[in-house]
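Student: Following the hints, position chain B against chain A.
Number of protein chains: 2
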Amino acid sequence: MRISELSRRSGVPTATIKYYLREGLLPTGERTAATQAQYDDDHLARLRLIRALLGPGRLSIAEIRDVLAAVDDPPESPLDLLGQASEAIGGERPADEADLEPARDLLAELQWSVADDSAALHDLARALAAINQAHLKLIKGGAVAYGKSMHRIAVAEIATVPTDAPDTAVRQAVLGTILIEPLLLSLRRLALQDAAARKFGDH
Amino acid sequence: MRISELSRRSGVPTATIKYYLREGLLPTGERTAATQAQYDDDHLARLRLIRALLGPGRLSIAEIRDVLAAVDDPPESPLDLLGQASEAIGGERPADEADLEPARDLLAELQWSVADDSAALHDLARALAAINQAHLKLIKGGAVAYGKSMHRIAVAEIATVPTDAPDTAVRQAVLGTILIEPLLLSLRRLALQDAAARKFGDH
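Protein chains in written order, with full-length UniProt numbering: chain A, 1 to 203; chain B, 1 to 203.
Chain copies aren't distinguished; within one or between two, either way the pair holds.
Within a straight-line C-alpha distance of at most 16 angstroms, the following computed EDC-like cross-link-like pairs (lysine to aspartate or glutamate) qualify:
id, residue 1, residue 2
1, K18, E30
2, K148, D105
3, K148, E109
Honestly, the hints are just simulated from the structure, not real lab data.
The structure presented is a predicted model; accordingly, all values stated were derived computationally and were not measured.
Bound conformation, chain A alone (with noise of 0.2 angstroms):
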């Protein structure tokens, strides 16, 4: 197909798909003219990923590209698509060391094996750090709790990753710890709607 077809079978408009062109983020198509080149399928779901990783997926065009090189090449083994897919999205290291205290404390508690230096750990710490600074109340267990509901989700999760095909692994992984995020959080947010209107509501 042309690009204005893929434009509109994606609905995505012909400016855009000619900047991810030029991002690198989609592949050119196959030039059938000085001025013309035809695209295909795979053209078409690779525009839908991109616009799911930016939309829901918050992404920004640079991470975008470290997983799609993710998905384009997948690694051999499953753990290290997973700590790639991980690094891809993750955020930025603080420059104080000391600051991991409690995270690690938290994942000892939890007897949970992970890399030492990975960007989600520092998330972690930066985010009880908050939680401690605003003086807030968790709920009982604390961040244990919290820890046991996420690992009870991310065995059923890693369970869908099949073990004998890495490029569907490495797609499953990346997207999987991507799209759901946003999932969990709007679906957090309702429920704690539902659960107030129980506890608060004339019903």
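Tutor: Relative to chain A, chain B alone:
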């Protein structure tokens, strides 16, 4: 204390404090001379709150202004304040009403009672559409399983909101909604690492 002391104790540069003062996020201190003002522990606490919302909370200056307005002038009903907190930090509403169908179906299956025009409902609709477009395989039980997991947490969280102190209640509800999100996401990524190590690792 003077602004230099406030800066030293909070770790926030003087220029940044002045920016928050100009933006109205931080109330002005008591003026003691033409170019000098005094600040107290309330300013210090508010400054730490702003940093928590800006950093791990990832809110914009405009969103923080809305959240602080709810904290400073809490509505009387605990239910209203939760709705207000949720809206202050909610996403945009999409143009197309029809897109909300799958989200409404999911809420009906979960038997949750939520506001029909909630920003979180639109966020949920976008999250479901992205998962659908990416052909992502969900865990056993699908989105309903995620919802039930979030609801168990939400009930425990709502139990921490006091019913007799509106100002403490709004603080707990708003900050709980915002500051727990980065905690949940970082714990989920680390839980995925641990679950993957258990399934695919050598030990």
